[in-house]
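So the sequences go chain by chain: A and B. No gaps in the numbering here: position 10 of the first sequence is 10 in our numbering, and each next residue is one more. No gaps in the numbering here: position 93 of the second sequence is 93 in our numbering, and each next residue is one more.
These are computed hints drawn from the structure, not numbers from a lab. Treat the hints loosely; a few may be bogus.
[As the list claims (entries may be wrong)] Restraint ranges, calculated between C-beta atoms of paired labels, are given here:
{"hint": "1", "chain 1": "B", "residue 1": "Q56", "chain 2": "A", "residue 2": "K181", "range": "29 to 35 Å"}
{"hint": "2", "chain 1": "B", "residue 1": "A148", "chain 2": "A", "residue 2": "L223", "range": "50 to 56 Å"}
{"hint": "3", "chain 1": "A", "residue 1": "V50", "chain 2": "B", "residue 2": "E282", "range": "30 to 36 Å"}
For glycine and all other residues, C-beta sits at the position ideal for the given N, C-alpha and C.
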Amino acid sequence: MALLNILEAVNKALETEMQKDPSIVVYGEDAGFEGGVFRATAGLQKQFGVDRVFDVPIAEAAIVGSAIGMAINGLKPVVEMQFSGFMFPGYNQIVTHVARFRNRSRSKYTLPLVIRMPYGGGVKALEHHSESLETLFAHIPGLKLVIPSTPYDTLGLLRSAMRDPDPVIFMEPKRIYRAFKQEVPDEDYTVPIGKAKVVIPGKDITVVAWGAMVREVESALKLIENDNISVEVIDLRTIAPFDRETIVESVKKTGRLLVVHEAVKSFGPGAEIVATVQEKAFYYLAAAPKRLTAPDITVPLPKGEHHFMIDPKQIALEIRNIVSMKA
Amino acid sequence: MLFDQYNPLKKKVLQILDNEGQVINKTLEPSIPDDVLLKMYQTMTLGRIADIKAIQFQRQGRMLTYAPNMGQEAAQIGPMAATSDNDWLAVSFRELNAMLYKGVTLEQLFLYWYGNEAGSKYNDSVKVLPVNVPIGSQISHAAGLAYAAKIQKKDEVVIAYIGDGGTSHGEFHEGINFGAVFNVPMVIIIQNNHWAISTPRAKASKAETLAQKAIAYGIPGIQVDGNDTLAMYVATLEAIKRAKLGQGPSLIEAITYRMGPHTTSDNPKIYRSDEEVEAWKEKDPLKRFKNYLLNKKIITQASDDALNQEYNQLVLSTFKQVEDSGLVSLEEVFNHTYQEMTPLLKEQYNDLKKYEETEGR
Ligand SMILES: Cc1ncc(C[n+]2csc(CCOP(=O)(O)OP(=O)(O)O)c2C)c(N)n1
Ligand SMILES: [Mg+2]
Chain A
1 MALLNILEAV NKALETEMQK DPSIVVYGED AGFEGGVFRA TAGLQKQFGV DRVFDVPIAE
61 AAIVGSAIGM AINGLKPVVE MQFSGFMFPG YNQIVTHVAR FRNRSRSKYT LPLVIRMPYG
121 GGVKALEHHS ESLETLFAHI PGLKLVIPST PYDTLGLLRS AMRDPDPVIF MEPKRIYRAF
181 KQEVPDEDYT VPIGKAKVVI PGKDITVVAW GAMVREVESA LKLIENDNIS VEVIDLRTIA
241 PFDRETIVES VKKTGRLLVV HEAVKSFGPG AEIVATVQEK AFYYLAAAPK RLTAPDITVP
301 LPKGEHHFMI DPKQIALEIR NIVSMKA
Chain B
1 MLFDQYNPLK KKVLQILDNE GQVINKTLEP SIPDDVLLKM YQTMTLGRIA DIKAIQFQRQ
61 GRMLTYAPNM GQEAAQIGPM AATSDNDWLA VSFRELNAML YKGVTLEQLF LYWYGNEAGS
121 KYNDSVKVLP VNVPIGSQIS HAAGLAYAAK IQKKDEVVIA YIGDGGTSHG EFHEGINFGA
181 VFNVPMVIII QNNHWAISTP RAKASKAETL AQKAIAYGIP GIQVDGNDTL AMYVATLEAI
241 KRAKLGQGPS LIEAITYRMG PHTTSDNPKI YRSDEEVEAW KEKDPLKRFK NYLLNKKIIT
301 QASDDALNQE YNQLVLSTFK QVEDSGLVSL EEVFNHTYQE MTPLLKEQYN DLKKYEETEG
361 R
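In isolation and in its complexed conformation, chain A is listed as follows:
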């Protein structure tokens, strides 16, 4: 067993998988020598050499585009976008090629590659360092999107991402990179992509969250400890393709749904989850399913960010409201 935080789990996943699979290469801006601005890739260049772990010129389009070529020609690239807010120059390659190569070549060319990026707010960061852009990937057919919330899942999911035959976007909640540690087994294990996790079982309401919001939901539960509300908390873990069964089954049991996300509201993952529940469990609903999200504004700089971030009190309030609603 090892005691790791999320950042260390990322590092461990890369290290253990690179040891097993010589086709894996890891690169990104400052990801080689220094080991990344967050040190997620620290020590890897030393262990695996500069051909397999390296710094690149600042050019996200070339990072993603070259990963496509490498994946086609026998390598398995795991590339880093320094911050999700800077992936946009690479987004062209992601949408026009990463997502489509399998389809347009009728599966002759497939892209086993992983694009990692730290994301999310609440860390008092500079402009363009706080966005939650999961919608922009989840909306694109051909991409898988994974967001872990614990060290255990980070290690297991990143391994799965590297073993997946298709491209996986791996968004890392940087706000909780170092927030807590967890015991993880030394032996090889994976966490499957596409499976949500029931973190806390309950029967009155289902709350779905991912990334840094899972902990906020857990904090919210402490605020309503004495309310006699039994909350089922689901950590979605994979946003695309998301685990419809687990959520629908849960809502069939609880009759109520709250989706909490840090991303802005309109057309976000919350809308997709709520719509799915309406389609699949409409007659089980005891109250209108709801979303608690950031408002539809640009992420404010730190002196205004508190208006934007979801806090546990809000979540608690929303849970109380939904549970007190009559169908």
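Chain A is fixed; fit chain B with the ligands onto it per the hints.
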């Protein structure tokens, strides 16, 4: 012509002041009015003190992440002194000195780095675009500003800044190429400070100089000692002259050095040696320009001491003011999404307002 004389393939670097601030190239020494020389020096001094203090404030937990300019003052002040009030400035994120010179206030700059968008709203007469974090994206903004100036026959030139690392970005290429094709009045200044976070200049481009990239765009380029305020002034002046004559963009590579960390979150000791940093101290742009002005008797040691004391106080009181400005209101974070709040936004605003009033935040 300077740009012919210093064609980057000739591998000559334009220099006028030596490391001690002595003029080593008399024929190129510009005649800058005393009051302008003084403004240049004062702005550099203010910029240097602002940097030193901002890092201290950050260490005290009072300032957020901050990107210091130390060592790069000449590469910013020389060019700005060559501009006129009509000219535009499109910055990257390490151009505090240039911005101060063009009329952005220290309070605004601190406010921005302190995490308040109001710090990007400059006074009406100031033709400076806000700090631009996404690498390279400012270059095409500059090309667009310059295109608009050109076809509207405005007497404006646009100065755009980028870092050495930024030159490896597609946006750099696209923006310059666009400007060059339309022959717009624009000057691109690369602050080659040798590092892009932990990535050395050599890994940004295999080209021997960054200035020589100009050749492929069909525009002139020049390598300049970026720690030499006068050389930077002279090169920019000529580039502006070309722009005003309708001869299109020019590219200036300022060879300089980032004396501080990339930002306050960075530890440069991981990737560069103390000896390298020490060697660049010899070429300190502020020292060189100060000596030049001392020799010209535009300043004295006594006046300089007084100036430093005054600016130390100014920086402290300005930052105090910024700290006292507190948090940004809910209304402010919603109000600037569109000209008018949409019905949906209004609803979200009202809900949050009610929540914050009852629950506090
Ligand atoms: C598109 C984009 N990718 C990545 C980053 C992260 N980043 C911020 S500064 C920087 C290095 C910039 O180096 P350089 O252009 O030399 O400018 P300097 O920091 O030296 O002033 C990087 C990679 C960014 N801001 N924008
Ligand atoms: Mg640089």
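We went through each hint and held it up to the structure:
Judged by the Cβ atoms, the range 29 to 35 Å given for Q56 of chain B and K181 of chain A holds: they are separated by roughly 33 Å. Taken as a hint, the range 50 to 56 Å holds for the pair A148 of chain B and L223 of chain A, whose Cβ atoms sit roughly 54 Å apart. Distance hint check: the CB atoms of V50 of chain A and E282 of chain B are about 32 Å apart, consistent with the given range 30 to 36 Å.
Comparing the model with each earlier hint shows no violations; every hint is respected.
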